[in-house]
Each structure stands twice: as structure tokens, then as C-alpha cells.
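Listed in order, the protein sequences are those of chains A and B.
First residue of the first sequence: 1, per the numbering used here; consecutive thereafter.
First residue of the second sequence: 1, per the numbering used here; consecutive thereafter.
It should be emphasised that the hints constitute simulated quantities derived from the structure, not laboratory data.
It cannot be assumed that every hint is accurate.
[Unchecked claim] As a list, the in silico DMTMM-like pairs of lysine to aspartate or glutamate whose alpha-carbon atoms are at most 20 Å apart: (1) B:Lys189 with B:Glu199; (2) B:Lys240 with B:Glu261; (3) B:Lys237 with B:Glu268; (4) B:Lys362 with B:Glu268; (5) B:Lys51 with A:Glu138; (6) B:Lys182 with A:Glu138; (7) B:Lys136 with A:Asp83; (8) B:Lys240 with B:Glu216; (9) B:Lys237 with B:Asp367.
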Amino acid sequence: MSKDLITSAVLKIAILAVLFAALPALLAYLGQGYLYQVVMLALIFSLLAVSLQLVTGIAGLLHLGHAAFYGVGAYIAALAGADYGIGFTLGLPLAGLGAAAIAFVVALPTMRLVSIYFAVATLGIGQMIFLVLQNWVEVTKGPNGVMLFTGIDLFGYTVDSELGTYFVVATIVCASIWVIHRLSHSYYGNALRSLREDDQCADAMGIDTVRLKIEAFMISSFFAGIAGALWAYTTGYISPMDFDFSESILILAMVVVGGLGSIPGAVIGALLLILLPEALRGVGDIRNIIVGFVLFFSILFLPKGLFGEVPALNFIRRQFGSAWQDNPDKQKVGWK
Amino acid sequence: MTMSRRTTLGLFAGVAGMLAVPAAALADGPVYLGYQLPLTGNTAQYGQDFKTAAEIALKDFNASGKLKVPVEIIFEDSRSDAKEGVAIARKFVDDKRIVAALGDFTSTVSMAAAQVYQRAGMAQLSQTASHPDYAKISEWQFRNITTQAQEGVYNADWMTQNGLKKIAVIAEQTDWGQSVVKDFAEQVKANGGEVVFTEFFNRGLPDFRSIITKIERAKPDAIYTGFFYEDGAQFLKQMKQLNVETPVYSTSAAYNQKLVELAGPAAEGLFLTVTFLPNSESENVKTFVDEWKAARGGAEPGQFPAQAYDAVNIMLEAVARAYPDVSRQNVRDELAKTTDFPGVTGVTSFDENGEALKQLTKATVTDGQFVPVK
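Take these sequences, add in the hints, and give me the full structure.
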């Protein structure tokens, strides 16, 4: 037990040290805006992939409209900042809550659908939200998009340096992923997994399946909204084209390549699909083909993902000390 | 207290010096320009055209000996994706050798990248970004495409001259389509006319018949349209099918030989404004068209490659004027001074916002050819 606690503490400290000391020190040393941009993008997409993982990988609901909720968050943050003078401190939670509220409204009629019918419904929802962003000109400014000139302000402090922005993004992404990690690696997460495996059986066992699905959908959308606000504040200009169907597919690809049901897998998938195309910039026009091949072969040889659910769960149980042990002779099960 | 770059970096005092940015190119080495454009993805055909146009312009410029040192262009593929466009802009800004940037293709990507160029202080010249607010972002943004503030007004006056008072307007639902309607409608009102019908459609709409029926119910004297050639061909064909004979006016965006190929006889009699006609008699257009045909196996260049060709040439002229002090600031200042540049898309000047003012030509389709209206 104490040995587990030590390894768990070492790993947690190592992750935090990389994110909040080594990486920013390296970025500041190199001093290149390009690297900051790529790293922040990778962080934002890690959050998007992890939030989609909760619905698609863990609760087993194929969701084809995640980018729309990302867009709702971005628009709420950008419009609140540009038109109503509501800064980042308030805009960020508003973006998350707004996206979650819309998720609640659309979840009510769709959550009784299963499998492919649910997928098609989310496809429709994604397109509807996209078209609203595109065509409701009076409110969203339509295809003109929204320019956001105010930088990140945090309780009265203005963060205008690259490094400061990095710390804000890294902190929010880290905290958000931690919340989703705690939710999914717990009995709550087990209940969500039971929906995926057999929702009728879960229902018979006394699990309120519809309610759980709605909750997972809302939580996922909340964090997509948070990611949207981060995107709006780090680029300064958003337009509906940033949140179209191909963006949903990109996030879904991250989840699948990383490993359905695996939180660390989603992060790995996001890092791969954001960093690989940038790293391959030197090879010219064929870089997309190479990315395609990498995806194809990773699915062919690792159909359960680069870091599949079973190894991921074992890893989390062991390394994060989340498991409890009722019998020293048996394998550790359960969650703390 | 604000958490400025310096206070945050106080933690990393040892490396703070690395962030200082002296941005002056060496006077004896080559001068570098960045060009961000979609070389892959859904809009790759446009980006590949721009690249060819830029290479033609660059080759001629370097051969002309206007500048003692060669100029080089670094191309980066944005896939028309704002994520990539912003990263490229950051990359260009980081590269101390690059003195100015060209691109991007779509307004979305150009506008997102513009935030980076504005902060860093590097001139950005887009050959196609048509968003009404693009050039207003800062003094660093320029574009080489006529805006609807110019073209819409010009078309409204043209229609008034032809005695057309009641006009129906349709446009695609994009930032550009919005400006097509707004600028045109204001001038029609100022001229004493009336816009009797307005509607936006989403790009790639396959069926315009319900819109055409609604237009006909409003009984306009003419229809003003903001579309690109793909939608234009659909619209004109369906007009013909429904036997609607109301005259149609359009913008230079509809100008493309493919419009005539796709719409066939339905394109006959379309009125539009153009800035570039490949069959023009002028010397520089002939040179460009010949070189393009040589590079592209005989195909004729369209409006957009011509705009890219001019944009690159305008930028190269600015660099030549700035030489030997080819700093980012200096190149921007020289770019802003561009007046009466004799391009293939007409004589071009930049106004105080960095908007291109161009000579427009009235044209119509006769016997499957775009010809100037006398």
C-alpha cells in the first residue's frame, strides 16, 4: 500500500512537473510563438478528446456532433467578451454552462435512442447548431465570425504574455481532465460502462440509465464548452467554419485512435493528431497521406487503441492508487 | 498590477533575453516572404493555383534584376483550417528572415492569422480574403481583391443607368455574401431604386427553384446575385428551366470559364463586373496568360490566380522599394504606398485601410465567352 502511494505520488508529480515546469521552461527558452501555439492547441484538443471519451468511449454513445458544443462554448465566450464586456473569469464558466444547458435541452428527446439512431441524432444536432451559428446573423454575426480583442483577464489581472497564457490554458485543461478522470475512474464511471455493455441489464439492476446518459452528455458538453472558450481566447477570432462536421470527426478519430474508454488514450490520440501533422510540415503536401497511413495502421494493428481501455484501467488503478484491496491474495478491484 | 511578459518571466529570468525580437533581414542575403495557402484539403485547387501564380511572378522578378539579392517565398500548407493557419502565422513571425506574409485563402483563416500578424507587426497581404472587416483589423492587413464597398456600388450604379429600379438580391450565406447584399442595397436606395427581395442561401445549394419562384413573385426588373461559379451555374440553369427571363447581374466572383461550361446556354446574357479577362489585349496579361499556359498544360488562368499573381508582384515591388532596409516595418510602409500598380487585374492602389481599389470592367456572356460591355 505504501509502495503504491509512493509510485502514485511520483507519477502525479512527474506529470505536473512536465506540464508546469519543464515544458514551459523549454518553451520560454526557445521563445517561439509557433511552439506555444501548437502546444496550446494540443492541450485544448486533449480536453476535447477526453470530454468526448466520457460519452463515446465510456458511456458507449457514438456522438458525431461534439464540435458543435465546442462551438457553442467558443461563441458564448467570444460574444460575452466582445459585446457585453464579460471577461474571461466569468466567460469561461458561462461558456461551459451554456454548452451544458444546450446539451440538456437536446438530450431530453434523444437519450432514449440507442446505437446508430443516437449517432444519427447527434449528427443532426451538430449540423443544426452549426447552421444556427452560420445563419442567425443578428446574434452570432453569422459567417462574419466574432473578433475578440480582449486578452485573458483573471480576476482583474491581465495575462498578456505567451507564458502566462500557457499557464492559464494548462491549468484549466489539467483541472478539467482531472475532474473527468475522477468521474470515469470511480463507481460512477463503472455505471457509465455498464450502460455501454448492456443498458437493459443496467436498467434491471436499478441504474437510472436515461438520467446517467443525460448527465454524461451534459458533463461532456460542459468541458467541450470550456475548450471552446480557450480556443476563442487564444486565437482572438472565431467563425462557424471552425466547428463544422469535420472537426467532430477529428475529435472522434482522436478518441478511437487513442483507445475507446481510455482517458490517457484520448490524450495520446489528441497529441498524435495535432502534433504529427505539424511535425511533418517539412515533408510537404504528402504529410496528410502520412497521417492517414499512421491512423490506418494504428487501427489495423492496435484496434483497441494506442492505449486501450484495459491497460489504461490497470494503469490508473496501479499508478494512481485508486484501487482498494479487500483480500491481499486477490487482484485489486474497485475504486477508492 | 498586470501579469505582463516580464513579471511572468521573472521566474525564468535566465532565459528572458531569448524573447527579444530584433527583426531586420540581412541586406546581402536573400529576402524571404511567407505564403500561407491551402495546398491540401477541400480547397487545395485554389492553393495550388496560387502557388503556380506566385512561382511565375517570383521567377520573373528574380530574373528582372530589379533587386540585387534574390527573393524567396516559403510556402506553408494551411488546409483552409484556422488551427493550422494560426500556427503558420506564428511560424512566419518567429522566423526572423521573413519580412512579410501573403495569404491566406479563406476569410476565416486570414482573419484568425491576422490577429497574429497584427500583434507581431508583420504585413499580411491576402489575395482573396473578402471579409468586410479584414483590412480594418490593423495597419498590417492588406488585400488584393475588390471589396463589395466598391463593386456593389459600381453594380448598383450600372443597373440604375440601365433603368432597372426594382431589384431582387440573393447571395450565399458567407461573410462575403453579407457584404454583397449590404453595400449594394445601400447604393440602390441612394439611387432612388428599391430592393424588393433579399435572401441568403447556403453554399452548394442544389435546388434554387423555390428561391426563383419567390423572386418572380416580387416582380423585380433585375436580379443581383452574390455567388461563385458553381452555385451560379446551378442558379442560371434552373432560371432557364423555369423560363424566367429577368436579367441577372453578378460580381467578379462568378467570373470563371467553368461557369459557361457548366451552365451552357443558360449563362448567355449574364452581366457581371470583372477585373481580369484572359483574352485582354494588354501586354502584361498576355505575358501572364502565356506563362500560366506553359506551366499548366494549356489551361487558362481564372480570376483568383490572377489576383494572387498581382498580390505577389505588389509585395515584390514593395520589397524592392524598401531595399536595402528590408525590415518588416519598412516593407509594410512601402506596401501601403502602392499606387496605380499596373497589374493583370487592373490598375490597383491601396486606400488608407489597405483595401485594394481597382479598375472594374463591365462584362457579359455572349456565345460562351466573357466579353467587355461597350
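Of all the hints numbered above, which does this structure not satisfy? Sort the numbers upward.
5
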